[in-house]
Amino acid sequence: MKIFVCVGSSCHLKGSYHILEAFKQAVADNHLEDDITLSAAFCLGKCRDGVSIKIDEEIVTGLSLETFPDVWQTKVLKPLGK
Amino acid sequence: MTSLFADIGHRSLNKYGEQICGDHVQIHTMKDGSPVVVLADGLGSGIKANILSTLTSQIMSTMLANNLPLEVCLETMVKTLPICEVRGIAYSTFTVIRLLQNEEAEILQYDNPHVILLRNGRHVEFPKEKLEIDGKIVYKSRLYIHENDVFIMLSDGAIHAGIGCELNYGWQRDNIIEFVQNMYIAGFTAKTLATIVTDQCNKLYGFKPGDDTTACVIRMRRRKAVHLMIGPPSDPASDELLMEEFMSGPGKKVVCGGTTAEIAARYLDKEIVPVSDYLDPEIPPIASIEGIDLVTEGILTVNRCLVYAKSYLEDNAHYSTWAYKKDGASMLSRILFEDATDIHFFVGKAVNPAHQNPDLPIDFSIKMRLVEQLSDTLKEMGKRVTVRYY
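Those protein sequence lines, which keep their order, are chains A and B.
Quick note on numbering that gives the first Met the number 0: the first sequence kicks off at 0 and runs consecutively.
Quick note on numbering that gives the first Met the number 0: the second sequence kicks off at 0 and runs consecutively.
Looking at chain A on its own, in the form it has when it is part of the complex (with noise of 0.2 Å):
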């Protein structure tokens, strides 16, 4: 699984630095370095609704620390089949 985060300018301004560190340290926390690539993208194209994100061709919007978790839980893990 390839997931990308939007670093373009405004959603760097949303806290795209944040985002990032909280999927590295998710897919730490759960091994799942060989099943992850992780990655910064230039725009994504949804500047208003950011920060956004893409795993491999989906683009989920409106990420924060606050939704994070559930992000995590419903694109990435149950995808997987964990």
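Because the hints were derived from the structure by calculation, they are not lab data.
Treat the numbers as computed from the prediction; the structure is a model and nothing was measured.
There may be inaccurate statements among the hints.
As the list claims (entries may be wrong) - Each computed PhoX-like pair below joins lysine-lysine, with the alpha-carbon atoms no more than 25 Å apart:
#1 A:K23 to B:K269
#2 B:K378 to A:K45
#3 A:K53 to B:K378
#4 B:K324 to B:K30
#5 A:K1 to B:K269
#6 B:K325 to A:K23
#7 B:K348 to A:K45
Use these hints to put chain B onto chain A, whose structure you have.
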């Protein structure tokens, strides 16, 4: 004018406890573009010295830039300067370097430490003619300029550094020559060299300079162009034209902005390769596109670069950050401050819908203002700047 570029940078330390510096550096440009650089050191310290040195450097640079003979300049200076009540004399020492067409240097020295010339990193002495004008001894030299020549002008605060603390006789000219020869690295800018020399003086003074201390450096280098593109054109039909003009000609190519990077990638038919991580939590990570030397985020990166640029013109306090770090703003700063002598901005005027969000502290006018301010500060560094809008 030759293909050489005069990179000029200076930095001063105030005498400990003084609010204002008694040394003054003035750079004046002659009609043909040749720079005239004057370093003056006013008698005493504080306001009085500052007035003397400011007047001296202004008079000398303005008159010499207009090709008036040295005798007339000196006479005007002596008659204009206010006379010190304590000492009964009007006095400011000075060093003048006139770069004629950037081909020849004319150097006039009056009572300042003699100019140090490094040629390809090695110190060379140059002939000086001794002139006596109104009882004042002025040394005059004229020499051909070579690429990589570095001229270092100093006020006597530099050679007195360390007296009474670290060194018995101060940091003598020979010691300074040895120091700068060891420091000479072709990539250091004039401002950086001036910063390194004055930092060393400050250290020798135990961070309490006993006198106003100034180093002014002129570094002759080959011209180098950089093209910087920021923002998509207001009409997408102009993408092609913008890219053609941006990619044409020699020089490094820099792309700032996510959408702008997409336009570049599409034109070059290459992928935007994202880089994985934040090196500075405040600066969005860079990316790369084959054929482009640097790809960064737009407005935030440029904004930080502007902060560094302003600091460069003042005390250069952020030098230790931008000179080494690998985040987008630092890399952009190195390209603009160190590599480039000629910078061409290609600015797209499209309004980014994302920036119109009232929740965000950025908008279109900020981008335009950023470009204007950055181009102004780069001009102040002595660089040639052009800005084209699309």
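Okay, which hints does this one fail, numbers in order? Going through the list in order, the structure violates hints 1, 2, 3 and 4 and respects the others.
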